[in-house]
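Number of protein chains: 2
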Amino acid sequence: MKSLVNGKFSNTVDIMDRGFLYGDGVFETLAVQQRRIALWPQHMQRLRLACEKLAIDFPGETLLIDEVKQLLASCHDDVTLRITLTRGVGQRGYRPAPNAVPSRIISLHEMLNTKLAKHNNYNETGINLRCCETRLAKSSLAGLKHLNRLEQVLAQSEWQPNEDIQEGLMLDYDDNVIEGTMSNVFIVKNNQLITPDLSHAGVAGVMRRCIIDTVHEHGIAIDESMVKLSCVKNADEVFVSNSVIGIWPVKYFDSKHWPAPGKLTTIIMQNIEIKNKISGLVI
Amino acid sequence: MKSLVNGKFSNTVDIMDRGFLYGDGVFETLAVQQRRIALWPQHMQRLRLACEKLAIDFPGETLLIDEVKQLLASCHDDVTLRITLTRGVGQRGYRPAPNAVPSRIISLHEMLNTKLAKHNNYNETGINLRCCETRLAKSSLAGLKHLNRLEQVLAQSEWQPNEDIQEGLMLDYDDNVIEGTMSNVFIVKNNQLITPDLSHAGVAGVMRRCIIDTVHEHGIAIDESMVKLSCVKNADEVFVSNSVIGIWPVKYFDSKHWPAPGKLTTIIMQNIEIKNKISGLVI
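Those sequence lines, one after another, are chains A and B.
Residue numbers 12 to 294, in our numbering, belong to the letters of the first sequence in order.
Residue numbers 12 to 294, in our numbering, belong to the letters of the second sequence in order.
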């Protein structure tokens, strides 16, 4: 069994768990490579913040580490780790019970996407990007990785797996570029970096945070602002990121071709790779 | 056991069910009174439509009726019935698998809200309504009752159970009144009815549909349009509806008092009550 539900080996949750009833919970997806969990502190920071905003009791990092170690004890492969925290089992009705006991679900998964990506070498060759019709709504939960993810499901359903497209770009209803379906977006223009402002919509990726910090450390200017489609089309370089895939340079979008990876993208990728190898949680 | 998961008595779902992973599914909540399931055809119509929009295979009404009958066979109380359909067990990643087998979860619940409501007699005495700070986002899934319900969870968390408030009014980001946290809203002005347009946000309630049809049959004008807060405040009568509570007249909102139920509200309530008693699915 590759999953723990509230500390016990199990692969099921109660049908009255509010994560299932209403998507009332949050999650993190982490990369485990050579027994090192990449960006662990950053994931914990976002998880803690998400719990706070939803008023779900955070179970504490020590407990989560213990359970993750227990799961990974007999696993020596590179895997993806998902940590889900929900408001727990409740009654029907949207109002959270005042005495709700949160649920913790920790599970290991094959690094399917990464395997595929490595096979295809997207980090080196770059990807084809499309523009999705599904829009991202404004939300007071912008930035958080909660369990209400139908927008992403709809967006990824817009193209077929056999099409040579690796990611879709998502806009909000005011035509601002926000993010990819499963990644954040960065644009290089005149040696400056731009990434969409996520204060109204989108998921503030842990890898995005790591890239912003890295870029700051190297004295490269980065602007978190409103981004229009024209800005993507006129970019010198474009790349997307998440904590499992790392960085994928974009080689094609909307009849525009870029040599991938671009010059600044390459520098950032190298720095992120070094950081990832020396940081994180060693199991 | 008061629940069937894919036709088997169970109260758990797989942690890899996409209903749990991403809120990738839809549901209906139905009132069962004296062995009659109210508004069954209307619930089935919305469920079918929701499945179609999410490209989830609808399991067919016959199968659902068989399973509901099985569950209700030994139950003679008035209950609430929840039918949940999800995209089924899948892999991690937002893209639905092409061969996904949908999950069906059918469960019985105490009529807590209704019991409470009957005890408090809200249908007769009316309710106090508040305005919620949580806004409803635009969505291409407007009208559907899907499993992404964090907005409603946040909205109902805005007031305490011990406050004398029975429902909260929700607006979109353009200050249009859309609905209640668990109900639809109707306004009477100069003997005409108005209910918010739900083409961009909100859940198109089955009881709302029933009220609109009933009102049409009686030749009363009803307008589905954009509604502002001032329209609620200046109304002659206000009421909210859902398929479990029926109709609750509003007696107080934002320092405005109404005698409840109002004249037109009373007529509509009587007609709906008659309809409910003779229609629906008898088990």
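By construction, these hints were calculated from the structure, which means they are not laboratory data.
Since this is a predicted model, take the numbers as computed values, not measurements.
Mixed in with the good hints there might be a few duds.
Treat identical chains as interchangeable: a pair holds within one or across any two.
Stated by the list, open to error - Cut-off 20 Å, straight-line C-alpha distance, at most; resulting in silico cross-link-like pairs (SDA-like, lysine to any residue):
id : residue 1 : residue 2
1  : Lys149    : Asp185
2  : Lys156    : Arg103
3  : Lys64     : Trp170
4  : Lys239    : Thr145
5  : Lys13     : Asn202
6  : Lys244    : Met122
7  : Lys200    : Leu240
8  : Lys64     : Glu144
9  : Lys13     : Pro52
10 : Lys156    : Asn201
11 : Lys267    : Pro113
12 : Lys13     : Asp25
13 : Lys149    : Ser210
14 : Lys149    : His211
15 : Lys13     : Arg103
16 : Lys262    : Phe38
17 : Lys156    : Gly104
18 : Lys274    : Leu292
19 : Lys274    : Ile231
20 : Lys244    : Lys262
Outcome of the hint check:
Both within a single protomer and between protomers do Lys149 and Asp185 lie at most 20 Å apart by alpha-carbon distance, with minima of 10 Å and 11 Å respectively. With identical chains, the CA atoms of Lys156 and Arg103 are at most 20 Å apart between copies only, with a shortest distance of 15 Å across copies and 24 Å within one. Within a single copy, Lys64 and Trp170 get their C-alpha atoms only as close as 33 Å, which misses the 20 Å cut-off; across copies the closest is 16 Å, which meets it. Taking the closest pair of Cα atoms, Lys239 and Thr145 come within 20 Å of each other only inside a single copy of the chain (16 Å); across copies the shortest separation is 27 Å, beyond that limit.
In this assembly of identical chains, the alpha carbons of Lys13 and Asn202 never lie at most 20 Å apart, being 45 Å within a copy and 62 Å across copies at closest. Within a single copy, Lys244 and Met122 get their C-alpha atoms no closer than 32 Å, and across copies no closer than 56 Å, so neither meets the 20 Å cut-off. Taking the closest pair of Cα atoms, Lys200 and Leu240 come within 20 Å of each other only inside a single copy of the chain (14 Å); across copies the shortest separation is 45 Å, beyond that limit. Taking the shortest Cα distances, Lys64 and Glu144 sit within 20 Å of each other only across copies (15 Å), while inside one copy they are farther apart (29 Å).
For a Cα distance limit of 20 Å, the shortest separation of Lys13 from Pro52 qualifies neither inside one copy, at 23 Å, nor across copies, at 42 Å. For the identical chains of this complex, Lys156 and Asn201 are neighbours neither inside a copy (32 Å) nor across copies (47 Å), given an alpha-carbon limit of 20 Å. In this assembly of identical chains, Lys267 and Pro113 lie within 20 Å of each other by CA distance neither inside one copy nor across copies; the values are 47 Å within and 39 Å between. When the C-alpha separation of Lys13 and Asp25 is checked against a cutoff of 20 Å, the pair qualifies both within a copy, at 18 Å, and between copies, at 13 Å.
In this homomeric assembly, Lys149 and Ser210 come within 20 Å of each other (Cα to Cα) both inside a single copy, at 9 Å, and across copies, at 17 Å. For a Cα distance limit of 20 Å, the shortest separation of Lys149 from His211 qualifies both inside one copy, at 5 Å, and across copies, at 13 Å. With identical chains, the CA atoms of Lys13 and Arg103 are at most 20 Å apart between copies only, with a shortest distance of 14 Å across copies and 30 Å within one. For the homomeric pair Lys262 and Phe38, neither the shortest alpha-carbon distance inside one copy (30 Å) nor that between copies (41 Å) is at most 20 Å.
Proximity of Lys156 and Gly104 under a CA criterion of 20 Å is satisfied inter-copy only: 14 Å between copies versus 23 Å inside one chain copy. Taking CA atoms no more than 20 Å apart as the test, Lys274 paired with Leu292 passes in neither setting, with 30 Å inside one copy and 67 Å between copies. For the homomeric pair Lys274 and Ile231, the shortest alpha-carbon distance inside one copy (13 Å) is at most 20 Å, but the shortest distance between copies (68 Å) is not. Within a single copy, Lys244 and Lys262 get their C-alpha atoms as close as 12 Å, which meets the 20 Å cut-off; across copies the closest is 55 Å, which misses it.
In this structure, the hints that do not hold are numbers 5, 6, 9, 10, 11, 16, 18, in rising order.
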